[in-house]
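A.B. asks: Given next are the chains, with one letter for each unit.
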Amino acid sequence: MTDIGAQVSASLNALTREFDIISHNLANVSTTGFKRRCNSFTQVLAEQAAAAEGAGDEESSPGVFDFSQGSLVPTERTLDFALHGKGFFVVESPEGPLYTRHGVFQTNRNGQIVDSAGRLVAGTAGPLIVPPDADVADLYGTDDGRIIAGEASIGQFRLVDFPDALDQLQAAGQNCFQAPKDVDPVPATDVVVKQGYQEASNVKLVDELVNMILVSRMYEANMKLVGVKKDSSSAALSVAMG
Amino acid sequence: MLRAFSTSATGMMAQEMLVDTIANNLANVNTTGFKRSQIEFQDLLYAKLKEPGTEIAPGVNAPTGLEVGTGVRISSSLRVFSLGEFQNTQRNLDIAIRGNGFLQVLMPNGDLRYTRDGSLQVNANGQLVTQAGYQVEPAITIPADAATIDVATDGGVNVTDSKGVRSVVGTVQLARFVNPSGLASQGDNLYTPTDASGEPVVGTAGQEGFGEIQSGFLEKSNVNMVNELVNLITAQRAYEINSRAIRAGDEMLRNTSNLFR
Chain A
1 MTDIGAQVSA SLNALTREFD IISHNLANVS TTGFKRRCNS FTQVLAEQAA AAEGAGDEES
61 SPGVFDFSQG SLVPTERTLD FALHGKGFFV VESPEGPLYT RHGVFQTNRN GQIVDSAGRL
121 VAGTAGPLIV PPDADVADLY GTDDGRIIAG EASIGQFRLV DFPDALDQLQ AAGQNCFQAP
181 KDVDPVPATD VVVKQGYQEA SNVKLVDELV NMILVSRMYE ANMKLVGVKK DSSSAALSVA
241 MG
Chain B
1 MLRAFSTSAT GMMAQEMLVD TIANNLANVN TTGFKRSQIE FQDLLYAKLK EPGTEIAPGV
61 NAPTGLEVGT GVRISSSLRV FSLGEFQNTQ RNLDIAIRGN GFLQVLMPNG DLRYTRDGSL
121 QVNANGQLVT QAGYQVEPAI TIPADAATID VATDGGVNVT DSKGVRSVVG TVQLARFVNP
181 SGLASQGDNL YTPTDASGEP VVGTAGQEGF GEIQSGFLEK SNVNMVNELV NLITAQRAYE
241 INSRAIRAGD EMLRNTSNLF R
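First to last, the protein sequences are chains A and B.
Per the working numbering, the first sequence runs over residues 1 to 242.
Per the working numbering, the second sequence runs over residues 1 to 261.
Bear in mind the hints are in silico, worked out from the structure with no lab data behind them.
Treat the numbers as computed from the prediction; the structure is a model and nothing was measured.
Certain hints may be false.
[Claimed, not checked] When the alpha-carbon atoms are kept at most 35 Å apart in a straight line, the in silico DSBU-like pairs for lysine-lysine are as follows:
| id | chain 1 | residue 1 | chain 2 | residue 2 |
| --- | --- | --- | --- | --- |
| 1 | A | K230 | A | K204 |
| 2 | A | K86 | B | K48 |
| 3 | B | K50 | A | K204 |
Same shape as in the complex, but just chain A (with noise of 0.2 Å):
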């Protein structure tokens, strides 16, 4: 009996977690950049598709984020920059770097690209600067990550990539991601840099209503079980009192 009680009770948390998830996910259904969070019932369904293909092995199970790509949409602003592929930019912040895929950048008033939060995006080499006699409306950038103003290069973003480490990534908040002291990056390969886009977040509405309504229903036969094991309990109880 008592079993029965803390299993429920353990699902119903767990359930309500997924839920917690869920709506964090349509929260940012507008956040450019996002990579919407897994969800066990995803984690569990991905996990049994790959048994299902004789490939059931841990690695193949996802992580906490889905990093898969969202799609791009044009936003014809000279310094909205889109990444197609694997990978991500480095922005500088006092706690060491930050990687991000939310690519609308600013200038600040030294003429050096900053993200929203004002911290310093990275180059290959240093900050990139736009010299002050450019316009920023004039700046090209090329699907490899160089910046041109004019005739001049102002740099290159620094992309890089964790192939064999996505999943220790952890999330920072302000659309950027931390990567633990022991994980460094490596030069993303496998990517490609559009200027003019952002890239939308990849949660998908469909799906997270789904899992919505599944765990609501869930949560509610959870409910029931605990209702039948009060209606047996009081109902022992009365035999026992007479």
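Could you slot chain B onto chain A? The hints should help.
C.D. replies: Okay, now just chain B, sitting in the frame of chain A:
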């Protein structure tokens, strides 16, 4: 459960602000020199329930952590200073800037403001002013006997008097900023410099990165109606779905409270 409520509420509030911004862009679709705003979303901090790499058994580390996000917020609204379409007005005092630069406007209190709206007028004292009546800096006075006025691509203002004699009465100068998106909007098509925009650099149109002045044209708003309407529909749906998440959470809570009947 309570976390999901506030998470969805942040989603609804952010979408609400997106709709507000789209509404302002759409309302200004016919405003000369208007630059559309773009809203940027940012995910909020994460509650870490379990760090990745936590030792779950001697010698066994969890391959992944567990973190639950707490929603979304608007990090900034930035103005997109792409060029608007040029509209031919055949009025000599309508000027459009073909490229980078702002007209300088002198406020009555002596401060300078900046605008892309080049529909200039001449006031009762013969001074060149903006549509709202503010004086263009540097001050340019049109002589009373001027028959025609025209503005050259470098900003030189030429007048022809009734006898057909041409003379230059002044030059419209332009200002530009390292980071125009950092300008504060003041309404009336005017912008105020801030710490983020940097100090204005003043120069002559057509030189040193400044755009040329095109007389007889006005720069229309750079709002694209179709894009804004598509964004509006997306925002509306996203709002709806976030509110649905609140309703679903409410239902789950009701299930819980039903236990105590």
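A.B. asks: Now look at each hint and say whether the structure bears it out.
C.D. replies: Hints and how they fare:
no.	hint	result
1	K230(A) / K204(A)	violated, 39 Å
2	K86(A) / K48(B)	holds, 25 Å
3	K50(B) / K204(A)	holds, 26 Å
Going down the numbered hints, you'll see the structure goes against just number 1.
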